[in-house]
Structure formats: C-alpha cells, structure tokens
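Colleague: Work out the full structure: start from the sequences and follow the hints.
First to last, the protein sequences are chains A and B.
Here the working numbering is used: the first residue of the first sequence is 124, the next is one more, and so on.
Here the working numbering is used: the first residue of the second sequence is 30, the next is one more, and so on.
What the hints contain is simulated information worked out from the structure, not anything from laboratory work.
Derived DSSO-like pairs: lysine-lysine, alpha-carbon spacing no greater than 27 Å straight-line:
1. B:341 / B:298
2. B:646 / A:148
3. B:743 / B:816
4. A:191 / B:606
5. A:147 / B:646
6. B:341 / B:146
7. B:606 / A:194
8. B:275 / B:248
9. B:518 / B:494
10. B:98 / B:109
11. B:494 / B:544
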Amino acid sequence: MNNKIILLVEDNPDDVELTLRALKKHNIMNKVMVVNDGAEALDYLFRNGKYVDHTSSGLPEVILLDLKLPKIDGLEVLRRLRAHEQTKLLPVIILTSSSEERDLIESYRLGANSYIQKPVDFNQFSEAVRQLGVYWLLLNKSPNR
Amino acid sequence: MAKIMRKTGIDIIGDTPWGTHLSQFYQTREDLIDILVPYFKAGLENNEFCMWITSEPLTVEEAKSAMKKILPDFEHYIVKKQIEIIPYTEWYLKDGIFNLQEVLNGWVDKLNQAVTKGYDGMRITGNTAWLEKKDWKSFADYEEAIDNVLSYYPMMAICSYSLDKCRAYEIIDVVRNHQFALIKREGKLELIQNIEKKRIREALQKSEEKYRTLYETIKDGIVATDMDGHILECNEAYAGMLGYSKEEIKKLTYQQLTPEKWHQMEAEKVKELIVERNYTDEYEKEYIRKNGTVFPISIRVWVIRDENGKPKGTWGIVRDITKSRQAEEEIKNTAKFPSENPYPVLRIAQDGTILYANPSGKFFLHEWNCEVGQCIPDFLYQFITHAFHTKAIKKGIEMNHGDRIFSFTIVPVKDTSYVNLYGVDITERKQMEEGLRKLSNAVEQNPCSIIITNTRGEIEYVNSKFVQLTGYTFDEVVGKNPHILKSGKTPIEAYEQLWAVITSGNIWHGEFVNKKKNGELYWESVSISPIKKADGTIAHFVAIKEDITEQKQFENELRKQRDQLEYLTTQLTAANKELEAFCYSVSHDLRAPLRGIDGFSKALIEDYTDTLDEQGKNYLHRIRVASQRMGQLINDLLNLSRITRSEMRRKEVDLSAMVKTLALELREKQPERRIEFIVADELIANGDPQLLRIAMENLLNNAWKFTKTCMHAKIEFGFTRRNGNLVYFIRDNGAGFDMAYIDKLFAAFQRLHSSSEFEGTGIGLATVQRIIHRHGGQIWAEGEVNKGATFYFTLP
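Modeller: In structure tokens, the structure reads:
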C-alpha cells in the first residue's frame, strides 16, 4: 500500500498540514503528493509544465480534491480528468469546506467518487480522513491500469 | 269656350274674338272682293274652316280666281277641303225656300265637322242678294238667331247686303243684328259699330266668363248630353272624377259610364222627367271610373229643350258621394253602438238615476249593487254633478272590474238632462304604459350614459347620467352630433371603423377618451348598436357608455405598482445572488481558519502534552470549544439563509408520520431519556417536505432539549381550531419561558437561556418561523417558566 500515491490538491497550507497529520495519525503511510492549485494538479496528472519529465511515478491511487482553488477550480479539474481516457476512472474524493448542495450535486454529476465536507472539529476531520484512507487505499478495488 | 282673338284680315277691324258677326253693304263685285278675299286668306292661313256662300254679282268661279290671285297655293286649300265656295241656292234655298232652322243646323253641323277635322273654328260669309221681300222677316229672325249661335261657337261671319237693294228700315234691321257694319262709300271703307250690341256682347262675355270660371272651378261635375246620352260638354271636375280627360270623355255616353244595373232606372227617370213633367230631379246611382272602380254619385238632372219645347239634351250636376256614404255608414254603426259595444255605456240623469246601461254596463251596475232605474253610487254622483255643472267632458275616471281596468268618460249631452258614460278597457294600455315606464326608467336612470341618435348621427335622446357626467344639458345636445364629446385623443380611424360597423347593422364595442363640457377628459367603454325597424332598416343608433375613468386610473396605478414590484423583485433577485455569493464565501473561507485553529490546538494538546501545564491545556481546550461553536454558528446561519433562498416544492406531507420518525431518531440518539410522545394521527399538510422537516426537527429538538430536566417529560404533537382554521401545535412540559420575552423568541441569535443551561445558537426558532412564513402560515408560542411551552403554527 505504500507505493500507492495520494494526490492532495489543496491551496490552504493549514489544511494540507492537518490532512497530512490526520493521515499520519492513522498510520496511512502512502506517499502524498501535494499540489496547490488546479493547474498544477492537471500538470502533474498529464505530465505537463514542471512535471513534464516526471516519469518516476505513475498515476495516484486516489485524488483528494478541494473545490475552491486558485487558477483552475476543483470542479473544472474533475471535469477534465473525467474527459480524459487516461484519468477518467481515477477515484476522486472531493474534500471541501463547502456544504452547498449545488457543489455536492455538481461534483457527483461530474463523476466524483465521494464528497466529504471538512469538519471544523479536528477530531471529526481526522476521523473522516481515516475512513477515506481505509476505504480507498485498502478496501477499494480499482480497475487495473 | 276660350276667348281667342282671331285675325279678320280686314285692316279697319283688326283682330276680333270668335263670335264676331259682321255685316257688309256693297255696291259692286269689287266691293265684295276687297273685303272677302283678305277675310278668307286670313282664315285659311290661321287653320280655320271657311265657307263662302256666293250670289250675284259674284260667281263661284270669280271668287275662286280672286282668291288665287293673292294665294298662289289656293288650289291646295280647295283640294283638302278647307274652303268651300258654293252658290246660295245650294245653301239657303235648298228646296227653293228658306228654312231658318235648317240653315242654322247646317252651320252647326259644318262647324262640328270642322272641329272634328282639327280646325280651330269656322269663318263664313253669306250673300243675301237673293232675298226677296217675302223672306225678309224670317231672314231677320235668322240673323238674330245666328247672332246668338255665334256667341257660343268658334265661328265668325260676314253677311253681305246689296246697298242698292236695301231700304232704310232694312238697313236698320241689319245694323241692329250685327256688331259691325262695313260700308264702301265713294271708294272708302267705313266701319259702323253697333254700340248697343257691343255693350250687350261685352256684358255677355263677362257673365260668360264668370259662369265659366264657376263651371270649371266648382267641385261638382257638370255635364251636358244629347238625348241619346252623348256627352257634348263637361267641366274638368266631371272628367276628373271619372279619371278621363275632357277629350276622351266626349266620345262616350253617360250610359257607358254607368253600371248596367242603373240603366233602366235612369232611363225611366229621364223619360219621366222629359215626358211627364218638365222637372229637375236628383237621384243617386253609380259611375265607373276609367280604371274600372265603381263609386256612388248623386246627380241633379234637367232637360234642355229647343224653341219648340222639344227636348234636345240634358244637363247634369254630379257629386261624388263616396265620403258622405262612408260617414253615413259610420253614423249607422254608431247608432247601434251601445248595445253591441263590448265596453260599458251608461246614461245617467241629472239626479243620478240610471237611464240606460248596455250589457257590459250592467256588469258594473251589478258590482255597484244597483240597476237601471236606481241611483248611481255616491262616488260617481259627484263626477256627474260636476259634468252637469261645467258642461265639460270629463275623461279618465278609472275603475276596476275584476282584474281589468276601465277608463270612463262622462259626456254631457247638449240640451238634455242626462249624461252618457263611456268606458274603455285600458288594462293592456296600462300594462303597456307600465312596461314603457319601466323601460324608460331603466334607460333614464341607467348608471351608464345612454345616447340615442337618428341615422344621421344626430342626438335625439340622452339620459340623466349623460347630463350628470358630461355637464351638457339635454337641450344643449339634442340635434347635435356626439362629436361634441370628442377629445381629439381617439384616432379618426376608430370613428370610421365604428361607423362602418354600425351602419352595416352590427354592434360596435370600444373605448374612447372623451371631453366633458368643462374640458375635463374621461374614459368611456362604449357599446353602440343599431335599432332596426320591423323591415330590417336601421331607424336609430343607441350608445351605452360606461365611465371607466376610475377603472383606467386604477389600472394605471396597478401598472405602476406592478412595474415597481418588478423593479423590486429584480433588486431582490440581485440581492439574493449577492447573498448567495456571500454565504458561499462564508461557508468556505470562514471554516478553513477555524479548522486550522481547532486542528492546531488539538495538535498542541497531543504533541506538547508534557510541556503544557493544566492551565495551558485548559486554554487550548477552550480555544477548540470556541472555534467549534463558531463552526456551528456558521452552519446554522447558512441553513437559515438557504431556507429563504431555496425553491419551494409543495406537495402533501404527512406531518404525523414525519414527527414519529423524528421522535424515533431522537430516542435512538439518547436512549437513556424517558419521554412520552403523543402524536395525533393523519395530520396531512400541504408544503415543502424538506423545509417542513427542518421546521419540525427544530421544534422537536427544542422540546427534547428543554425537557431534559423533567421527571416526566411529555411531548405532544396535535391540532386545534382557531377561527375555523386548522392550527398545529407542539407542546412540551419542560423549562418553558417567560412571556415577557416573547418578542425575542423567534429572532435570530436571541436566546432566553444561557448556553450552560441549554446549548444552542438561537437560530432554530428563527429558522422555523421563516419556514412557516414561507408557507404563508403563522407561528406563535405560549409558555410559562417551568411549566412548558406550546408552539402553534398554521399551514394554509
């Protein structure tokens, strides 16, 4: 499970820190690739921009995607992933502060695999991260790539 | 006969009227030629029939050759027989003797022939050279007779006498019998005028004119016939009543003008008159007009006789009695009127005694409990007395008989001591009047203004609403065109279209801006319809007009308000959009730092537990509580705004089932609590299920929360009725509240309890209230500290 990469798309460094802490706390030792905006996320996934020579690792096992992002927002990132043959089956978990129904619906419509609202309470946040880690990294069977 | 001047051809005389009787005394043949040739020339040239009776010293041939000398086409007149020149023997002395009557009749026959042939009249001359002494007396009588005859016919004559043959007394006779005497003496023509004759002639002419005027202007017809009935003469009135012209009728006999059934009677009448009595008589019979219609006449007839008393014709004066016959019929009908009259007729004496009553009148007597010979009731008596007193007809005394209404007229009869009473059944008229009165009231008092115009559009009637509305009086508008109301704000085409519609027999509806007399404008809704006669032609137009000015103003006001509302709605939508953006931002951006505060506080507590004392840990703990509470506040706030923004989807909602489910959830969360739930069954409301769920959840959570200190907690969901409306309620027996603070109960972030007593953000009831209000319902609460609270709400 360690060689499975988690891609965390998050612009808020606090949230990045807390997410990594929660993962570590629950002994999820997978490598976490952090990108800070939607454009970087796409570059990473499609080996563009500064990731053009980044051939060492394959596609992430799971993507934790914030919605409100600089440059290209989370929903747009999701839409482009789903439009691309290579990435259309990647598990994408929306991890956002928004509890707006329209965000929830739009996310699922675009093909998100899961939608988690980040709780303010760290205990609850930590629990949510643990559950998604257990589910997506241990239990879920992805199509062979 | 008309008095027409004729040219004599003799210079010394000039023009004379018909009937002129001249004598000429001559000595030589040339004397005769000098006078007679120009005399006949004038006659021939003026469409007269001419007869020249010659004797010595002028022969027929000499006369003809003299004529030819001055008239080149004289032969033509001979051929067409306009002139006859014959010797005296063939005229005066047919059988060798002179017969006065025969000669006179001869002239009249010749004249009739001439007139029949189309000549204006006849001019003649006769020479008396053949006269012998034995004939003189009878010839003088003849001359007198012919002088009379001439005055009635279109004739003129010159009688020539040989000066050498006449003795003095004979010359006197001649001059007396003629108007003029022409004498050639010493080659010069002299004219002797008989003054006496002239005076008589003029008097006669005047008198004749007078009678002729009478004859032609009298309305009665005047007719002269011969003994066989041929019409010889008649006036215009006679020909006119029969439908003929005078010329046409003179070809008929009176028998032809009379229906056959009268012929025998009339023949006997005439015979009786003529043979047995020389008498004028008047009788009635009928005539047939040219168009075949028969009409009654009365005729007064007398017989004309000749000198010997022999009847020669009749005169009649005829009167058309059609009208008087009709009047007679009417009088006859009137005479039997009372007994046949279906209406009451009564005759009442001055003292009130009933003298007569026809069958219908007797019904009234029966009603009044009296009969003929008795006295009329008092109420009638006063009218009778009054009628006698004033001698005036009293009309319109109305009396009822059963369900019929009668109108009586009292007629005092002149020079008698009674009055007649005539009754007429006026029930239908009354009903019609009543109907008309209703109709006219309906028009006159109509709340719409009504105009009636003729087909030229001129106003014949307006009702009082029109007067009240426009300020014009009835007299000011009658005869005018409704255009006087024009404000100029209605397009010409509208009027043209209107006129086209109504003149084609259809009804026009529309609206006008019109102008009152004082210049004020007003709106009218108008309906104009043609009123048609029985034959379908248009007789009038009626316009029914409703003043819709207020309605128009109201519509305007409404439009303004609607525009304002639309503007506000747009504003509101924009504001909502902004709010939405704001909320989105809040939900996202405010939470993230909170999460940081909480997360890193937790990290501190976990990672630095050894270096932090209890106080420090406590602070960190409080930071976390505070940040989590803020997180909760943000959540509630967003929920509240979402309730206002989200779209309503109404459907039937089973509130009973919803409350039961929520109660179950609460029990599962805190199974340790013992709470009695009482939920009324089958409370079905119409509303948005999601919103109602949020409302019910909040209310139940409150009840659950505020009963936590109760020993025997009880929560009840039920309904009651207020003013006939269904009211739901949720009641608990928990902490309750002080009614003094009721106004803070539903306000956001207002709390009546401290957080240490009961946790909460103060947004729950504000949310509930918003949901109920969005459904158009009401919510209110009743409570008492430590006695519980009841929340009532309605959902229309």
